[in-house]
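Chain A is fixed; fit chain B onto it per the hints.
Protein chains: 2
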Amino acid sequence: MNLLHRRGVLRAAALFPLVVTPAAAQGNDPLPSWRDTAPKRAILDFAAAVTAEGTPGFVAPADRIAVFDNDGTLWVEQPIYPQFAYALDRLKAMAQRNPSWKQEPLFRAALAGDMKTVLASGSGGLQRLIGAALAGNTPEESARLAQAWLAQAKDPKWGKPYTALVYQPMIEMLRFLRARGFQTFIVSGGGVDFVRSFSEQVYGIPPWQVIGSTFELRSSLLDGKVNLTRLPAVDFIDDGPGKPIGIARQIGKRPLIAFGNSDGDFEMLQYTTEGSGRRLGVLIRHDDLEREHVYERDTQVGRLARALDAAPHRKWLVVSMKNDWSRIFA
Amino acid sequence: MNLLHRRGVLRAAALFPLVVTPAAAQGNDPLPSWRDTAPKRAILDFAAAVTAEGTPGFVAPADRIAVFDNDGTLWVEQPIYPQFAYALDRLKAMAQRNPSWKQEPLFRAALAGDMKTVLASGSGGLQRLIGAALAGNTPEESARLAQAWLAQAKDPKWGKPYTALVYQPMIEMLRFLRARGFQTFIVSGGGVDFVRSFSEQVYGIPPWQVIGSTFELRSSLLDGKVNLTRLPAVDFIDDGPGKPIGIARQIGKRPLIAFGNSDGDFEMLQYTTEGSGRRLGVLIRHDDLEREHVYERDTQVGRLARALDAAPHRKWLVVSMKNDWSRIFA
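One line per chain: the protein sequences are A and B, in this order.
For the working numbering, add 467 to where a residue sits in the first sequence, where the first one is 1.
For the working numbering, add 467 to where a residue sits in the second sequence, where the first one is 1.
Bound conformation, chain A alone (with noise of 0.2 Å):
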């Protein structure tokens, strides 16, 4: 996996403690991790707008829809996505049972860790991996079997498990943001078991609120009884012009809030903030070497140019990890 690593940022890993936030910083304030600069106030500000009763900007709860990108918004998407690394470790544990997979190069580079052709393939040929390893599986041995792996698996940089690195201002975001009634979901280009595994204890998001990719799930008769198996075959793919089908088609209400970090939530912003009234698209930007990572238009994984650009105006905010966090993971 370290051909992802384009710009050495492993060699800064464990170096930089976690920036303690001051308890002055704490007390009444809500983001207690978010600095006190323009995002912020932003947030506040919108946040204070839809929930003032008797305004004309008010929102009722019911309608207070927020969504989140998962991978590089809430938790650490480089140097490769989490659940594709769940996903190697399972194709090299399968490999001896599937000795066809040799003859395939996108399995044979897989399974070598030649991480330059499999991303070359595409988020075709990622599908294809993903849906090979997780297939056979009833949702219930998904479950167990991602909890398994996300107990023991360590990030490569941080040498942390990954539900470890999620970030800390977005935690407090969506406690924030339930607590004035908003609803939060999840809208996740990840298959949607693997986020589902973690989200209830990690995120305090019920697995109904989280919308992710799919994969083919067959009903069939075992012993008598229903049994559902995860086919290989990709079903739907919630990234890209897939969010807005996949929040109409699973939330039913276009949202009041997004988001996300990278092009693979322009569409999803897009559709947010086209909504009428007032609306808030935010977009995370991965601009802390010592602390995270920096990577923006030059990376096949959590790439961001398209949205950026169109950031300014279609009056998307930009948080600067580095400017706008004085803290990142908890």
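Among the hints, erroneous ones may be present.
What the hints assert, rightly or not - So the derived label-pair ranges between C-beta atoms look like this:
no., chain 1, residue 1, chain 2, residue 2, range
1, A, A562, B, R647, 46 to 56 Å
2, B, P779, A, Q668, 34 to 44 Å
3, A, A646, B, A579, 53 to 63 Å
4, A, P699, B, D702, 47 to 57 Å
5, B, G521, A, D496, 50 to 60 Å
6, B, E741, A, L756, 44 to 54 Å
7, A, A529, B, G691, 21 to 31 Å
8, B, R745, A, R685, 20 to 30 Å
9, A, P523, B, T584, 51 to 61 Å
10, B, G648, A, T504, 38 to 48 Å
11, B, D702, A, K583, 32 to 42 Å
12, A, R575, B, T584, 52 to 62 Å
Source of the hints: derived by calculation from the structure; they are not laboratory data.
Each residue gets a CB set at the ideal place from its N, CA and C atoms; glycine is no exception.
Relative to chain A, chain B alone:
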């Protein structure tokens, strides 16, 4: 639509005023429209057991999922599913602009009100008609159209709006379970947009807790904005074996409780009650000619045969509208 009335139940319309629940039956009773018979006792007992902290049967609130079929379980479905009456009205309004429909036997029958032919086409035929009637709209337009129709349409037997023909005992059941920490979901064979257009107001169930059949959604740009439109093609049928798939895909947890009324709910009850620990499956039986309808094995709308036969062996509760409910409509 009278062709569906095989038992001439229309003649009984409006002769029987609603039975008013005696004030004595209310007070602390959370289910005042349920008579004190075996099903009510079993449901109260189940709810007490799974919410008793510190006992082996305790289920954490996060896992208290209750699913409800809609047509025939929460509101009337005879003589024809309200959504189909809606689709027929839309088809008639659109017929002038679609002259080719006259060449198609299925559409010609629907426009002529020949329900016998339409029903003989099976669920595939119904879905084709509904798809044609409701295609081309955005989700917002679909909701507005459905709400406008529901505001003026009247049920042919009772001459009342369909939303006034929800079952009061089930409204109480939804509230009862929510007050005990359950999340309530609708899992309907009907089109999800239609059910969502009234579920929040009528059942207190937000759109993202409504699972239903779906038509394909297309995302495109219109005047530079994200534009989602419904295509006529069916995407997913949330009925029969589709119900466990819809549940796994959208809820992500196996329910603890399932309520249904027809063979289309068989697999949902099966999937629910085959889960580990104590589970509850309930069938509502339409056996009250005076206060609602009588239908069971011999109908194409809400047929109940296989599930009823399986109920004793599977320990599903069977609720008689006639004997177990003191009041039917709100």
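Q: Starting from the range 51 to 61 Å, see whether the pair P523/A and T584/B falls in it by beta-carbon distance.
A: 53 Å, holds
Q: For the range 47 to 57 Å, tell me whether the beta carbons of P699/A and D702/B fit it or not.
A: 20 Å, violated
Q. Is the distance from the Cβ of D702/B to the Cβ of K583/A consistent with 32 to 42 Å?
A. 37 Å, holds
(Q) If I claimed the Cβ atoms of R575/A and T584/B lie 52 to 62 Å apart, would that claim hold in this structure? (A) Distance hint for R575/A, T584/B holds at roughly 57 Å.
Q) Cβ-Cβ distance between G648/B and T504/A: within 38 to 48 Å? A) 40 Å, holds
Q) Between A562/A and R647/B, does the beta-carbon spacing fit 46 to 56 Å? A) Since A562/A and R647/B have Cβ atoms about 48 Å apart, the given range 46 to 56 Å holds.
Q: Starting from the range 50 to 60 Å, see whether the pair G521/B and D496/A falls in it by beta-carbon distance.
A: 37 Å, violated
Q.
Taking the Cβ atom of P779/B and the Cβ atom of Q668/A, is their distance within the range 34 to 44 Å?
A. 40 Å, holds
**Q.** 44 to 54 Å as the expected CB spacing between L756/A and E741/B, which holds or is violated
**A.** 52 Å, holds
Q: For A529/A and G691/B, compare the CB-CB distance with the range 21 to 31 Å and indicate the outcome.
A: 29 Å, holds
Q: Starting from the range 53 to 63 Å, see whether the pair A646/A and A579/B falls in it by beta-carbon distance.
A: 57 Å, holds
Q) R745/B and R685/A, beta-carbon distance inside 20 to 30 Å? A) 28 Å, holds
Of the numbered hints stated above, those contradicted by the structure are hints 4 and 5, listed in ascending order.
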